[in-house]
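Protein chains: 2
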Amino acid sequence: MEYRASNGMGERPREVFRHLVEAYLTSGEPVGSRTLSQRLPVQLSPASIRNVMADLEAMGLLYAPHTSAGRVPTEKGLRLFVDGLLEIGQLAPDERVAIEARINGSGRGIEEVLTQATSLLSGLSRCAGLVVAAKQDAALKHVEFVAVAPGKALVVIVGDDGQVENRLIDTPMGLPASALVEASNYLNARLRGRTLEDARAAILTELEDERAALDALTAKIVAEGLATLAGPEKVLIVRGTSHLLDTVEAQIDLERVRTLFDDIERKADLIRLLELAREGDGVRIFIGSENRLFSLSGSSIVAAPYANAQGKVVGVIGVLGPTRLNYGRIIPMVDHTAKVIGRLLG
Amino acid sequence: MEYRASNGMGERPREVFRHLVEAYLTSGEPVGSRTLSQRLPVQLSPASIRNVMADLEAMGLLYAPHTSAGRVPTEKGLRLFVDGLLEIGQLAPDERVAIEARINGSGRGIEEVLTQATSLLSGLSRCAGLVVAAKQDAALKHVEFVAVAPGKALVVIVGDDGQVENRLIDTPMGLPASALVEASNYLNARLRGRTLEDARAAILTELEDERAALDALTAKIVAEGLATLAGPEKVLIVRGTSHLLDTVEAQIDLERVRTLFDDIERKADLIRLLELAREGDGVRIFIGSENRLFSLSGSSIVAAPYANAQGKVVGVIGVLGPTRLNYGRIIPMVDHTAKVIGRLLG
DNA sequence: CCTAGCGGTCGGGACCGGCGAGTGCAAACT
DNA sequence: AGTTTGCACTCGCCGGTCCCGACCGCTAGG
Chain A
1 MEYRASNGMG ERPREVFRHL VEAYLTSGEP VGSRTLSQRL PVQLSPASIR
51 NVMADLEAMG LLYAPHTSAG RVPTEKGLRL FVDGLLEIGQ LAPDERVAIE
101 ARINGSGRGI EEVLTQATSL LSGLSRCAGL VVAAKQDAAL KHVEFVAVAP
151 GKALVVIVGD DGQVENRLID TPMGLPASAL VEASNYLNAR LRGRTLEDAR
201 AAILTELEDE RAALDALTAK IVAEGLATLA GPEKVLIVRG TSHLLDTVEA
251 QIDLERVRTL FDDIERKADL IRLLELAREG DGVRIFIGSE NRLFSLSGSS
301 IVAAPYANAQ GKVVGVIGVL GPTRLNYGRI IPMVDHTAKV IGRLLG
Chain B
1 MEYRASNGMG ERPREVFRHL VEAYLTSGEP VGSRTLSQRL PVQLSPASIR
51 NVMADLEAMG LLYAPHTSAG RVPTEKGLRL FVDGLLEIGQ LAPDERVAIE
101 ARINGSGRGI EEVLTQATSL LSGLSRCAGL VVAAKQDAAL KHVEFVAVAP
151 GKALVVIVGD DGQVENRLID TPMGLPASAL VEASNYLNAR LRGRTLEDAR
201 AAILTELEDE RAALDALTAK IVAEGLATLA GPEKVLIVRG TSHLLDTVEA
251 QIDLERVRTL FDDIERKADL IRLLELAREG DGVRIFIGSE NRLFSLSGSS
301 IVAAPYANAQ GKVVGVIGVL GPTRLNYGRI IPMVDHTAKV IGRLLG
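Sequence order for the protein chains is A and B. Numbering-wise (my numbering), the first sequence opens with residue 1 and increments by one. Numbering-wise (my numbering), the second sequence opens with residue 1 and increments by one.
No lab work stands behind these hints: they were computed from the structure.
One copy or two, it doesn't matter: identical chains are merged, so the pair holds either way.
Derived BS3-like pairs: lysine-lysine, alpha-carbon spacing no greater than 30 Å straight-line:
| # | residue 1 | residue 2 |
| --- | --- | --- |
| 1 | K152 | K312 |
| 2 | K312 | K267 |
| 3 | K339 | K152 |
| 4 | K339 | K267 |
| 5 | K339 | K312 |
| 6 | K234 | K152 |
| 7 | K234 | K312 |
Turn these sequences into a full structure, and let the hints guide you.
Structure representation (structure tokens):
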């Protein structure tokens, strides 16, 4: 009569698997049956463990780099581990304090806070730290057109979060100053408190239907201003990349690290990947080549979204390291950092 | 009767030295007397060359990593080489074309142009590419104060080069809108066409002397606006860092590369170093640990300032790689890129 | 169902010797 | 005197061998 867990594994295999992964995570080397039998809480001979491991290997959770080496978890195995078996540690009190102190202590600018948080995370986790701050869908507070030269005007957009954005647009020659003022007023009346994406479509259709009480020139300015606001710009901050060279694996397979650096610089793929972490509000974990977006051969990402005062997700912060990283320690770390940032944005 | 050059070296030693460095630069390995004797245009036996090399070693220009290895130039030797002995090659026509096409073809935004140029440089030189764009002393075109919330105003500064900058300032409660307009007008009248640094001191003293025809409130705004404009902000763009892992040396001495990455991220030192390249208008070269600012152990920087239409230096572009890089090829490359950028800014 | 033991496999580290590149010195050459 | 030749010596590197330790799978026994 045996207890069967939902994942279709008996109690013993599960325990063996869990300890194997934990041992692997700290050592980075293949784990053999002997080591495991010493480590396991229940008394179990190496031979029995070998049998269990053979089963696990058949399930695709483990593999042996070569005969007569220990076993290593596969990506599938790691996934199972983090999904079900991982016991998430408590954040060490000193780390908790460090995070709060350093983040609260940094300057006021939002970008500065994020930079601080990232480099802190990278330091604590000894991985690369990442932040994506989406500039796009913050609610708007104010829009202003400023003439800067004949035929040129500047659109200044101030977000609710204090973020400021500006674009240069071309204006028709001989545009009266009043048109700019009018355009500003028109947009401010409609945009305030809404997100850009939100308002844009509505205003554009309104303009097309000529329901707006604007003269042609002003309407043109408004349209042009809106168009430039389209760009879904994201900013990506990366810190502590040098940690990517720390691991033993990196020394062997330098080529992999090279492509990783290139990917980070290209950044587009990385941003797209991190965007996936926005859905759902917990920590998300991407292991190895689970997704095609990013050639993270042998790398994992642990990322958590952070929200502003209105509970709206405005960005993602996380950590990038080898698949073999201390998930139990890093997950609460990322989680807590995201929360602290969220609190600070409120 | 022997010809003696100004650097206190005979003709033969100089030739030997030059060829040794060139050989080293392409191979990266210590160069022995036999190899050199084959390479040298004049017939000379290995033994004679050994004698010459012994002299050069005594002068501190060469050193042998161990007995019975070839010689390698010291930093002092490299310095001498680039200063006097280096024959600067012509830029290959296809490279010239590539540079011009890619830079001219990129978008209009100045930052985008620089990013393109940097990643191009990094690609061609197979090193990391660097740009420092100084935001500070572009001439100003327009300044505007925009009220965004009670007690908050935005200062928008538009530079001659189209660069836009903004800062949030606190304003006294109950500030009339007219004060902001007045402040804008006041500053525009005085700032236009001058650089920030230029105008700032003058205006501040004028304010203190109360010579300005402004009411107290407006004066306060102007002062506050000016204060926030102080920051000598620089932007650093780095591309192609993965090339730093290319060289054979890197594989051996990963630790060095690690600190290099950290330095690049910290960026402050790097910027300070690159700023040195602004003085004088040619290409400047920093070899190894010649300067204390930056722990560029084993790294060199080749950098050139670029100027705007007014001939004012507004930034520095360059390349960061191992000391052992093909100076003859890279120097004209950096030089030309800087010129193309300058032309584009005009 | 577990355990103990056996035979087999494989990677890694230590050791050794030969090879080649390069040096320095001294003697011979021009 | 400067240059070349020859020679002895020093290293670092490479490949081979050997041994050890860590594992595994299998089978027999509790």
